[in-house]
Amino acid sequence: MSVPLRRLFLASLLRRRLASALSLLAIALGVALGLAVHLIHGAALDEFGRGIRAVAGKADLQVVGPRDGFDEALFVTLARRPEVAAASPVLEIDARLPGREESLRILGVDLFRVLRVQPGLMPLADRGGEDLRFAALRPGVVFLSDDAHQRLSAPGHSSEGEALPPALADARIAVQSGVRSLVLEAGGRVPGASGVLGVMDLGAAQQAFGRIGVLSRIDLRLTVGVSPATAQAALSALLPPGIALRAPEAAAGELGSLSRAYRVNLTMLAAIALLTGGFLVFSTQLLSVARRRREFALLRALGLVRAELMRGLLAEGAVVGVVGGLLGVALGHALAAGAFRLVGGDLGAGFFQGVAPQLAFHPAASLAYLLLGVVAGVAGTWLPARAAAAVAPARALRAGEGERAGLPRGDGRGRLAAAMLVFAVLACLVPPLGSIPVGGYAAVVFVLAAAILALPVLAHALLPLLARGRSATWRLAHARLAAAPGQAVVAGAGVIASVALAVSMAIMVNSFRVSVDEWLAQVLPADLYVRASVASGSGYLDPPALAGIAATQGVARVDTTRLINLRLSDAEPLFTVLARPAQGNWGLPLVSGSMEPVAGDAEGLPPAWVSEAAADRHDLARGSRFELPLGGRVQAFRVAGVWRDYARQHGAALIESRDYVALTGDDRVNDAALLLEPGATPAAVAQALRERFGAEHITIALPGEIRAISLQIFDRTFLITYLMEAVAVVIGLFGIATTFAALAATRQGEFGMLRHLGFTRAEIGRLIATEGALTAGLGVIAGLAGGAAIAWVLIEIINRQSFHWSMELAVPWGGLAIFAVSLVLLAALVARLAGRHAMRQSAVLAVKADW
Amino acid sequence: MLQLDDVTRILPGTPARVLFEGLALRVGAGECVAIVGESGSGKSTLLNCIAGLEPVDGGAIRVGDTSVERLDDDAMARLRRSHFGFVFQAFHILPHLDLLQNVALPLWLLGTAEAEAGRRAREMLGRVGLGARATDPPQQLSGGELQRVAIARALVHRPHLVLADEPTGNLDPGRASEVLDLLLGQIRDSRAAGVMVTHSRSAAARADRVLELRVDGLHDITGHP
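Top line first, the protein sequences correspond to chains F and R. For what it's worth, this note's numbering labels the leading residue of the first sequence as 1, then goes sequentially. For what it's worth, this note's numbering labels the leading residue of the second sequence as 852, then goes sequentially.
Simulated from the structure, these hints should not be mistaken for lab results. Note that the Cβ used here is the ideal one computed from N, Cα and C, for glycine as well. You may find that some hints are simply not true.
[Stated by the list, open to error] A few chain R positions that, by computed beta-carbon distances, are all more than 12 Å from chain F:
id : residue
1  : Q854
2  : R913
3  : R921
4  : M927
5  : A928
6  : P988
7  : D1032
8  : S1051
9  : A1056
[To be verified] If you anchor each label on the Cβ, the simulated ranges turn out as follows:
id : chain 1 : residue 1 : chain 2 : residue 2 : range
10 : F       : L302      : R       : G962      : 44 to 54 Å
11 : R       : A926      : F       : L809      : 49 to 59 Å
12 : F       : R294      : R       : S1028     : 22 to 32 Å
13 : R       : G873      : F       : A392      : 30 to 40 Å
14 : F       : G303      : R       : H1075     : 48 to 58 Å
15 : R       : G1025     : F       : P393      : 47 to 57 Å
16 : R       : P866      : F       : A762      : 50 to 60 Å
17 : R       : G980      : F       : A762      : 29 to 39 Å
18 : R       : R984      : F       : A392      : 18 to 28 Å
19 : F       : L302      : R       : Q991      : 28 to 38 Å
20 : R       : Q991      : F       : A461      : 49 to 59 Å
21 : R       : I1072     : F       : A11       : 23 to 33 Å
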């Protein structure tokens, strides 16, 4: 195609500046959202991986076990093996800083071995002259990384958000062990380590935190010539149950799989925003092609080949895609940078706490998203271009061919819509790929397609109901839509996609929130909760502390929970075991089975109640046999029931406290749930407990507070999805704006004639607004229906398969009604504004135009 | 029915050009006047001034008892919907309405009840010979047929004044003659006043009076083509 001819096509983009700009923006937003999600997660994972590599140093393999650690005897066994050149034992403690929000990760290492395996962890004493090793061997000395130094020397804040002086003062720092404080001396630096962490002598750390004889990890450097695979094969047999041997990088992969479902969900939202952008290109190109029918017919009559016409139009779409994509790539980086500053690398979901990621330019990802933008632009133009190329020039050149001739007639699609629904149902039956619910996502696409294809059918069915006894403006708007439902498809496709997305997310999130609220009420039945630390932390409640709690005035009963994180296999993320008195207690939010153990168990196995995630992942139901590596051996349990657990995505099992203590000898607990005596107030009991243990060593929470905080975290997690939905809805409204701006421009003759017949300007404005409202109304109805179907897919298929969570359907009727009505009103306003230019045109000039 | 006194129109610009001045015209009920003149003489502008779609720079225009030049935009629109009928060269039939709806459009604007509007539009379509095609879409009609629909639309609400701008300009001579007969006949039958602007001397000759527009006013040339 010649350059002037190419210019002819591209000039058309400049002529319709508003439509081109909105299409560009829509594509840019879709690309930007997708790329931002990708960049943010990529950077957070990179940073996490870097941290892992720094800590693992030259280790070829790592022995890892449950969070609580394993018997250090294993170290001796492994260190003697010929495959192992050097072994370095590590005890990892997440040390709570009393009364503060922050914690300090402390690695207890053998200073005589660390240099050979993890040189990055080698400490450097501050005091010159003193032999480093002696300094390090003194109990109560910790060496801090530069990051830790910086963070801990800055003013901190308490768990309640109050400002506190720096945790590190006069080279001293207080950490918590059990329910007591322990003051450590900052003896020097760890120049090679990154992240907020401290290094101690292994023996000193074991003693300080009451973990004598326990290791969290053993890092191995292999003998030259021994491959990791060979070593893994030889050494695995020596490992007790629940302990795995793996490459250090596997930890990053584990975290990646932890956050994968969340990331895929967000990417899916971005894809729908991009799809809406594609629809917008489709609308504007279709209208533009309809307007230029005569121009094309003339060019064809003058000798332009069909394929050239098609190529010229596709090039217009590609230009929109390229420019929108470039804009999107820039915007995506800006969004990612902003998100790092505002919500951190976890996008509000809490997967990467404590990781400080750096934004980097990724050429491959940027190019991929740019190409997606181009695909959206070209795909949006494909059908209009084909329609334009198919028109017979002689017909299009005839006078009196209106703009309507170029629009799709929009009928006969009912059967295709029904077929799409059938495909959606079939897709729901497809099992997940990995933990990605591909069938569910395909079903979402099919439902969207069905909703869009069904729009003309919906128009045929609904419009007759609105036909009677209204004003001239109403009748005209109605007649126009009834005669050209294709126009509704063109303007409304973007609205349907964005409304369906917003509605489905609203229904899903509301159902989830209502279910979480009910669940919290069920799992938090006590009057007061006392906690010393998180599961892997350094704080715990031992029997004397529990006796102290029980003896506190006003406490009627104390129930305890021990949380243990186990490793069921090399590949899986950690599995949580909760040990607490189960039967005859407050019960569980069961979804199947019962609190009664299975009667007549031939093996006499102790009972376990597993979460839905555990049941899904390990195919369990009441009566199933389930093995857990506890206390260094495999112990079988009989599943008595399945319960709903929104707190742990990767599975949990509840077992009786007495069974746990009998199997492991571990009698410490993390949480205590208190039932108060009649007349005792939670505030008075909390005060008595704080006086007994020191306010900074325990966290006391009322169920109401925990619920409030949990729901706050829930809302924060979904904030990003609300933002993305809002973007999609705005893009949908762009569709209404561009369609009506383009249509109004082609209808100047009509408006001029109506002004002659006695329509006032205000009435013409009302006519356009009514058409906008009717178009959006149909789009909203189809979007609501599609959204409800997608919500079902999200709840029953996508969430079940990604997160293993079930929930009760709860439709936010009021919110949806307000949303739908506002959107229709907004569409009316947008259409009215878009048509303003055409209305300004003089009625006299308008009727002169031959249309 | 229609009365113009000393009407002047000056086209803005530098220098401003006087299009016509001191123009006077009276058209009674049931009478049809043709206005001819050279291209650019201001024939269509005169129609637009009468319809209140363009301002006048002097003089008075009365339709019935109402002075057009004193009305604001909305009031003029309301006067047009009740007192005026229009026939355009390019027909301007809405493609998304069927014939009956196109004809009923002025009645919709006046708030006439649905059944009554339908009955009158159907009757009007019958009078222009398209009674059997009431529910057809306009796309199936020829140019002559479309102009018949436009004539039905112009008269369905019994206006006092019908303005026609080159009503036969897009039609072949045979069709033009037919349509003209219909238009003039219907205007006379409904006792409206008619003003028709045309290039065609033969079309003008069918009117009751033929006036030529010049800068200094309208000159009666009836019988002197």
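Hints, verified against the model:
1. Q854: 21 Å, holds
2. R913: Consistent with the label, R:R913 stays out of reach of chain F, its closest Cβ about 18 Å off (over 12 Å).
3. R921: 17 Å, holds
4. M927: Nearest chain F Cβ is 9 Å from R:M927, so the label is violated.
5. A928: 4 Å, violated
6. P988: Label violated. Min Cβ-Cβ 8 Å, cutoff 12 Å.
7. D1032: Holds, since 24 Å exceeds 12 Å.
8. S1051: 18 Å, holds
9. A1056: 26 Å, holds
10. F:L302 - R:G962: 44 to 54 Å: 51 Å, holds
11. R:A926 - F:L809: 49 to 59 Å: 57 Å, holds
12. F:R294 - R:S1028: 22 to 32 Å: Check passed, 31 Å falls within 22 to 32 Å.
13. R:G873 - F:A392: 30 to 40 Å: 54 Å Cβ-Cβ, so the 30 to 40 Å window is violated.
14. F:G303 - R:H1075: 48 to 58 Å: Between F:G303 and R:H1075, where Cβ atoms are some 52 Å apart, the hint holds.
15. R:G1025 - F:P393: 47 to 57 Å: 29 Å, violated
16. R:P866 - F:A762: 50 to 60 Å: Distance hint for R:P866, F:A762 is violated at roughly 37 Å.
17. R:G980 - F:A762: 29 to 39 Å: 37 Å, holds
18. R:R984 - F:A392: 18 to 28 Å: 26 Å, holds
19. F:L302 - R:Q991: 28 to 38 Å: Since F:L302 and R:Q991 have Cβ atoms about 30 Å apart, the given range 28 to 38 Å holds.
20. R:Q991 - F:A461: 49 to 59 Å: 26 Å, violated
21. R:I1072 - F:A11: 23 to 33 Å: Given range 23 to 33 Å: violated, Cβ gap about 50 Å.
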